[in-house]
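Note that the protein sequences, when read in sequence, are chains A and B.
Mapping of the first sequence onto UniProt numbering: position 309 corresponds to residue 309, and the numbering continues sequentially without gaps.
Mapping of the second sequence onto UniProt numbering: position 94 corresponds to residue 94, and the numbering continues sequentially without gaps.
Hints may contain errors.
[Stated by the list, open to error] Within a straight-line C-alpha distance of at most 27 Å, the following computed DSSO-like cross-link-like pairs (lysine-lysine) qualify:
1. B:K188 <-> A:K357
2. A:K109 <-> B:K188
3. A:K63 <-> A:K129
4. B:K188 <-> A:K45
[To be verified] Far from chain A by the CB rule (all over 10 Å, computed), these chain B residues:
5. A56
6. W114
7. A154
Everything labelled a hint here was simulated from the structure, so no lab data went into it.
Heads up, the beta-carbon is just placed ideally off N, CA and C, and yes, glycines get one too.
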Amino acid sequence: MMRPDPTFHASPKLAIEAAPENIAYTLLLSPDFSKPDALAVIDVKPGSPTFSQVVHLVTMPNKGDEFHHFGWNACSSVLSPLSGHAFLERRYLIIPGIRSSRIYVVDTKPDPTKAQICKIIEPEEIFKKTGYSRPHTVHCGPDGIYVSTLGGSGPDGTDGPPGIFIMDCETFEVLGRWEIDRGPQTLHYDFWWNLPRDYMVTSEWALPPQFENGLVPEDLLSNKYGHRVHFWDLRARRNIQTIDLGANHQMALEVRPAHDPVREYGFLGVVVDTTNLEGSIWTWWRDGGRFHIEKTATIPAEPAAKDQLPPPLQGFGAVPPLVSDIDLSLDDRFLYVACWGTGEMRQYDVTEPRKPKLAGSVRIGGIARRTPHPNGKVFAGGPQMVEISRDGRRVYWTNSLYSTWDDQFYPAGVPGAEVMAHAGPNGGLELATDYWVTFPDGYRAHQIRLEGGDCSTDSFCYPSA
Amino acid sequence: MEGTPTWLWLAVIASGLYHGVNPAMGWPLAVSAGLMEQRPRALVGALWPLTIGHLAAMLLMVLPFALLVALVAWQRQIQVGAGLLVVGFGVFRFVVRRHPRALARIRPTQLGLWSFAVAIAHGAGLMLVPIYLGLCRSAGRDGGDRAAGALINADVGMGILVSVVHALAMLSAGGLLAWLAYRYLGLKLVSRSWFNLDAVWALSLILVGVLSLSATLAPAPGLW
Chain A
1 MMRPDPTFHA
11 SPKLAIEAAP
21 ENIAYTLLLS
31 PDFSKPDALA
41 VIDVKPGSPT
51 FSQVVHLVTM
61 PNKGDEFHHF
71 GWNACSSVLS
81 PLSGHAFLER
91 RYLIIPGIRS
101 SRIYVVDTKP
111 DPTKAQICKI
121 IEPEEIFKKT
131 GYSRPHTVHC
141 GPDGIYVSTL
151 GGSGPDGTDG
161 PPGIFIMDCE
171 TFEVLGRWEI
181 DRGPQTLHYD
191 FWWNLPRDYM
201 VTSEWALPPQ
211 FENGLVPEDL
221 LSNKYGHRVH
231 FWDLRARRNI
241 QTIDLGANHQ
251 MALEVRPAHD
261 PVREYGFLGV
271 VVDTTNLEGS
281 IWTWWRDGGR
291 FHIEKTATIP
301 AEPAAKDQLP
311 PPLQGFGAVP
321 PLVSDIDLSL
331 DDRFLYVACW
341 GTGEMRQYDV
351 TEPRKPKLAG
361 SVRIGGIARR
371 TPHPNGKVFA
381 GGPQMVEISR
391 DGRRVYWTNS
401 LYSTWDDQFY
411 PAGVPGAEVM
421 AHAGPNGGLE
431 LATDYWVTFP
441 DGYRAHQIRL
451 EGGDCSTDSF
461 CYPSA
Chain B
1 MEGTPTWLWL
11 AVIASGLYHG
21 VNPAMGWPLA
31 VSAGLMEQRP
41 RALVGALWPL
51 TIGHLAAMLL
61 MVLPFALLVA
71 LVAWQRQIQV
81 GAGLLVVGFG
91 VFRFVVRRHP
101 RALARIRPTQ
111 LGLWSFAVAI
121 AHGAGLMLVP
131 IYLGLCRSAG
141 RDGGDRAAGA
151 LINADVGMGI
161 LVSVVHALAM
171 LSAGGLLAWL
181 AYRYLGLKLV
191 SRSWFNLDAV
201 WALSLILVGV
211 LSLSATLAPA
221 PGLW
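Given these sequences and hints, build the entire structure.
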């Protein structure tokens, strides 16, 4: 290649101005492991005869992988002036199986409707080279592909702490662990960074025995899920600070730094507060070299009759929002918050990062409400993995969280669905009546990636100014 | 031989300009510094460590040859060796296009170190060696008349001069591009101007080495 990939952008502003997406990729999983998991290629080009339909399915050769999150081999971060090597292509999707610890590399070129597997990294290689298991979040970084893991070694993943490992972005060879000094970090979930400012932020979910067979209510009520956030020196690969949110803030999941690297703040979603079942949004920022974090928005639980509730919630008489995903628009203005329990997608104006203001909301699905789509179809589950188009005008989401957790909270099942909402230029959210993706029977839908990058894949090395 | 040093000095300056416009040598870092701090002084401030790092890499390559050149009897062999070294490194860069991961591990604040490391890794200093050796030869030698110490001083002085002139040319070209991107053309210049010079760069090394070898091995005094 003689020129950088045109989907790489130096700043968030340039990415916002780029052409809109025509294709969405969505991970599908077979919750009873009876079929292999799959990658769906979806036509999202308005006016196309196959709009909002699956136009191609990449079916894996194994069963039981349990797909969750995935990412690109390369993104805008390769324009980092430090790497000096901008000639990679945004071409390969790196898809980890969270249950199997196997990683698939899928080639989306030259034709995404003929996308196919080009490499499989077997779990043994990951175990041997990293001592980690349960690969989870994938980010393209300054010196390779970074993959976070939820498990350490050993059959149940509790032999040693989980962390991040690095893969080569051209050969996809597993290179080894990222951490040199992890400090007090023992749990892992999400991670992201500010490349020019040279720091990383990581969060905590739980160890595999606490999620693989479902949520463990006793562990939740005794506050044994993750509730800390860790800050790292990205180049030195050292933990520089750990902040405990308080033990009642169970499951500190998604980490969303401001996209503009000049802005030294970001957001964190917390699933549930065990004192009152509310979900919360936290804002962290750096000041004088130290990181600070505070709770900046809360979403209360909603009362519900016992007969509307699944067994784990019947004792509470209420539905927790269960903030399972958050996503920040590329202009750093709107934060989307998926409330998987109550069935709501919230849109916050975060122009003032420490004072989020509710700007829009859409109700769909939910444990007790079960709000149907405006097209009349039943949306089982609730809003889960959310992805925003680069221009911030289209917000896509799916409905399934994790196979065994789906079964606990939505015992009637969570058939895969994907919807889209239009976002107004100054806020406001409205479901698109003509966008409803039907997936093959027996599949649940997870994370979405948009052609050319989206709001949770690319990191930028230059400010928008 | 008349006029040859002028050509060689032009080669020193031209290679400096060439290194300066190559994004891999760091001008986008100056743009980034200016934008991140939102003031032009940060851009200018970043150019200095970039230039000093580049200069240090030039000196590291050129100075050992400056000392060797004092071995007048071996001058031809040294020039052949240097030519082969540059050709060999060019071939290596052509075959192995991958960038060392270590470069991406240097902190954004360590611009000088980054510039030094990147110039070494790309063979930017090595590219200058044949030109420098040509200048030494063109300056003329009257062997026995001069003591070895004086020769070393003269060649070290020449080496420093060549490196400084080259680094200033690199600063001018890179600084100009950084300023244009920062002030007028915007960040699109970063991705648009970023041609893949990996192959061209490797071929440049091979070309400089081959020219140097042919000049050294040619029976009559040539360009070099």
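How the hints compare with the structure:
no., hint, verdict
1, B:K188 <-> A:K357, "violated (33 Å)"
2, A:K109 <-> B:K188, "holds (25 Å)"
3, A:K63 <-> A:K129, "holds (23 Å)"
4, B:K188 <-> A:K45, "holds (26 Å)"
5, A56, "holds (18 Å)"
6, W114, "violated (6 Å)"
7, A154, "holds (36 Å)"
Checked against the numbered hints given earlier, the structure breaks hints 1, 6 and satisfies all the rest.
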